[in-house]
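I would like the entire structure built from these sequences, with the hints used as guidance.
From first to last, the protein sequence lines stand for chains A and B.
In terms of the numbering used here, the first sequence opens at residue 6 and continues consecutively.
In terms of the numbering used here, the second sequence opens at residue 6 and continues consecutively.
Hints in this document: simulated from the structure, not taken from any laboratory.
Model, not experiment: these values are computed from the prediction.
Watch out, some of these pointers could steer you wrong.
Note that the list lumps identical chains together, so a pair holds whenever it fits in one copy or between two copies.
Claimed, not checked - Think about it this way: if two alpha-carbon atoms lie no more than 20 Å apart in a straight line, the pair counts; the simulated SDA-like pairs of lysine to any residue are:
id: 1; residue 1: Lys-184; residue 2: Asn-76
id: 2; residue 1: Lys-184; residue 2: Glu-77
id: 3; residue 1: Lys-93; residue 2: Ser-139
id: 4; residue 1: Lys-90; residue 2: Gln-143
id: 5; residue 1: Lys-135; residue 2: Ile-227
id: 6; residue 1: Lys-184; residue 2: Ser-245
id: 7; residue 1: Lys-135; residue 2: Arg-229
id: 8; residue 1: Lys-93; residue 2: Ile-136
id: 9; residue 1: Lys-184; residue 2: Gly-246
id: 10; residue 1: Lys-32; residue 2: Glu-20
id: 11; residue 1: Lys-93; residue 2: Arg-229
id: 12; residue 1: Lys-184; residue 2: Ala-79
id: 13; residue 1: Lys-184; residue 2: Ala-244
id: 14; residue 1: Lys-62; residue 2: Phe-10
id: 15; residue 1: Lys-93; residue 2: Ser-193
id: 16; residue 1: Lys-135; residue 2: Glu-77
id: 17; residue 1: Lys-184; residue 2: Glu-219
id: 18; residue 1: Lys-167; residue 2: Phe-192
Protein chains: 2
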Amino acid sequence: MARFFVSPDDIQNGEILLTGENAQHGKVLRLQPGELIDVCDGMGYDYRCAVQEIDNKTIRVSILEKMESQNEAAVRASVYISFPKADKLEHIIQKATELGAYEIVAFPSARCVSRPDEKSLNKKAERWQKIAHSAAEQSGRGRVPQILILPSYAKALERATKADKAILFYEAERSVTLKMALENSTFSSISLMTGPEGGLEAREVEQAREAGLEICTLGRRILRCETAPLCALSAVMFASGEF
Amino acid sequence: MARFFVSPDDIQNGEILLTGENAQHGKVLRLQPGELIDVCDGMGYDYRCAVQEIDNKTIRVSILEKMESQNEAAVRASVYISFPKADKLEHIIQKATELGAYEIVAFPSARCVSRPDEKSLNKKAERWQKIAHSAAEQSGRGRVPQILILPSYAKALERATKADKAILFYEAERSVTLKMALENSTFSSISLMTGPEGGLEAREVEQAREAGLEICTLGRRILRCETAPLCALSAVMFASGEF
Numbered sequence: 006m007a008r009f010f011v012s013p014d015d016i017q018n019g020e021i022l023l024t025g026e027n028a029q030h031g032k033v034l035r036l037q038p039g040e041l042i043d044v045c046d047g048m049g050y051d052y053r054c055a056v057q058e059i060d061n062k063t064i065r066v067s068i069l070e071k072m073e074s075q076n077e078a079a080v081r082a083s084v085y086i087s088f089p090k091a092d093k094l095e096h097i098i099q100k101a102t103e104l105g106a107y108e109i110v111a112f113p114s115a116r117c118v119s120r121p122d123e124k125s126l127n128k129k130a131e132r133w134q135k136i137a138h139s140a141a142e143q144s145g146r147g148r149v150p151q152i153l154i155l156p157s158y159a160k161a162l163e164r165a166t167k168a169d170k171a172i173l174f175y176e177a178e179r180s181v182t183l184k185m186a187l188e189n190s191t192f193s194s195i196s197l198m199t200g201p202e203g204g205l206e207a208r209e210v211e212q213a214r215e216a217g218l219e220i221c222t223l224g225r226r227i228l229r230c231e232t233a234p235l236c237a238l239s240a241v242m243f244a245s246g247e248f
Numbered sequence: 006m007a008r009f010f011v012s013p014d015d016i017q018n019g020e021i022l023l024t025g026e027n028a029q030h031g032k033v034l035r036l037q038p039g040e041l042i043d044v045c046d047g048m049g050y051d052y053r054c055a056v057q058e059i060d061n062k063t064i065r066v067s068i069l070e071k072m073e074s075q076n077e078a079a080v081r082a083s084v085y086i087s088f089p090k091a092d093k094l095e096h097i098i099q100k101a102t103e104l105g106a107y108e109i110v111a112f113p114s115a116r117c118v119s120r121p122d123e124k125s126l127n128k129k130a131e132r133w134q135k136i137a138h139s140a141a142e143q144s145g146r147g148r149v150p151q152i153l154i155l156p157s158y159a160k161a162l163e164r165a166t167k168a169d170k171a172i173l174f175y176e177a178e179r180s181v182t183l184k185m186a187l188e189n190s191t192f193s194s195i196s197l198m199t200g201p202e203g204g205l206e207a208r209e210v211e212q213a214r215e216a217g218l219e220i221c222t223l224g225r226r227i228l229r230c231e232t233a234p235l236c237a238l239s240a241v242m243f244a245s246g247e248f
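Here is the structure:
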């Protein structure tokens with residue numbers, strides 16, 4: 006069955022209006038009145054709908070049933086990444102969305118080689134959100150992860166520690182593994198933080214420890230800044246019973 | 006300490022000759038006679054060496070100690086991927102090497118959209134091996150994973166099942182998780198197989214099951230063909246105690 010992603014604003018009075026690309030896509034599929042489709046609000050709900058009316062630019066459908074999406078992860082994993090170069094950030098957003106991240110949070114740290122300026126940030130944020138949207142759609146998710154930009158490392162630490170568990174991965178950590186950090190604990194939300202290309206400074210790692218994050222290793226091999234968050238997220242999804 | 010990757014052939018009679026890029030790199034580092042360096046043979050051994058002689062194009066070093074590399078994973082994980090498009094294959098080779106794959110095996114399957122022809126294969130294989138070499142070096146591995154090309158899906162199945170465990174990930178599998186497949190079993194080698202962009206055909210999955218592979222899910226979200234093998238590899242590394 007065809008599945009469409011809409012904005013929650015498009016859902017009103019038991020009806021949903023497909024517009025723009027969605028309407029075009031519906032026409033390519035040659036949807037007919039009466040036909041059933043699924044519509045996802047990107048916020049965790051799916052709607053089984055029947056096509057009502059097709060006109061030039063829109064398709065109006067009526068909601069038959071509202072269902073909680075079955076494709077969201079049980080654990081809310083927030084991916085905290087210190088700004089890498091733009092193409093890597095986009096890569097992380099796409100892959101972390103596929104892998105089931107609840108949200109993706111980017112923040113600056115001392116050794117960031119790339120930090121978008123205020124001016125270009127709005128435009129970029131829009132682009133990043135679109136990448137998440139498209140990856141959520143393709144991977145069959147029920148929710149589009151939000152892409153958040155924080156102004157400082159301190160703010161990132163503060164926010165990350167609000168989850169049930171908060172972990173910073175650091176290549177110089179040797180003894181504490183992610184497995185140790187997850188063992189014998191239950192959590193429904195977790196923050197997974199990683200550094201930029203040049204790594205985090207030792208004082209930043211101490212700052213994180215003081216803020217309440219656990220410092221863990223991702224193994225003896227040095228992972229690139231775009232590999233580490235996806236490796237950690239895959240492991241957490243596995244550990245929390247997703248696959 | 007500087008670390009160099011050489012071919013095992015360059016190691017003879019207690020001495021190693023650094024040539025080409027290695028020699029250039031040594032000169033950039035301004036190595037001096039007597040200085041200590043580490044040399045890795047890419048086969049799992051590191052050599053602590055002292056610089057002997059520096060001439061125009063080569064650096065001769067003598068071996069002080071041969072040590073087993075500490076950075077290799079305890080479990081030998083072989084990544085079996087059905088040919089994706091070229092850029093994705095290169096991405097998988099780079100990332101799987103970082104993540105600790107023992108070897109990477111590419112093979113054709115029914116729905117492959119991209120399959121290198123015989124003619125270009127040698128050139129490509131050389132390029133792929135170089136990518137693995139460079140990723141191994143950067144991530145501090147002691148071994149360069151071999152990139153193998155198999156001529157058929159049947160050959161891939163046959164080879165994959167020679168490991169202690171062999172798993173095929175299939176998006177239509179719902180009940181058997183990787184966790185179930187790994188539980189209560191010890192293994193020192195594992196094959197992780199995934200399909201191409203268009204997925205594997207149902208009959209190919211049956212063929213794999215008959216050959217002895219376990220069929221598992223990677224969760225309810227559909228992963229792209231370049232995401233699935235890296236997600237599986239990350240989870241296996243986590244499950245086998247690497248981090």
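Hint-by-hint comparison with the structure:
no.: 1; hint: Lys-184 x Asn-76; result: between (25 Å within a copy, 18 Å between copies)
no.: 2; hint: Lys-184 x Glu-77; result: between (23 Å within a copy, 18 Å between copies)
no.: 3; hint: Lys-93 x Ser-139; result: both (17 Å within a copy, 18 Å between copies)
no.: 4; hint: Lys-90 x Gln-143; result: between (24 Å within a copy, 18 Å between copies)
no.: 5; hint: Lys-135 x Ile-227; result: between (31 Å within a copy, 18 Å between copies)
no.: 6; hint: Lys-184 x Ser-245; result: both (11 Å within a copy, 10 Å between copies)
no.: 7; hint: Lys-135 x Arg-229; result: between (24 Å within a copy, 17 Å between copies)
no.: 8; hint: Lys-93 x Ile-136; result: both (13 Å within a copy, 18 Å between copies)
no.: 9; hint: Lys-184 x Gly-246; result: both (14 Å within a copy, 7 Å between copies)
no.: 10; hint: Lys-32 x Glu-20; result: within (19 Å within a copy, 71 Å between copies)
no.: 11; hint: Lys-93 x Arg-229; result: both (10 Å within a copy, 17 Å between copies)
no.: 12; hint: Lys-184 x Ala-79; result: both (18 Å within a copy, 16 Å between copies)
no.: 13; hint: Lys-184 x Ala-244; result: both (8 Å within a copy, 8 Å between copies)
no.: 14; hint: Lys-62 x Phe-10; result: within (17 Å within a copy, 61 Å between copies)
no.: 15; hint: Lys-93 x Ser-193; result: neither (28 Å within a copy, 33 Å between copies)
no.: 16; hint: Lys-135 x Glu-77; result: within (19 Å within a copy, 38 Å between copies)
no.: 17; hint: Lys-184 x Glu-219; result: within (12 Å within a copy, 25 Å between copies)
no.: 18; hint: Lys-167 x Phe-192; result: within (12 Å within a copy, 38 Å between copies)
Hint compliance for this structure: hint 15 is the single one not met.
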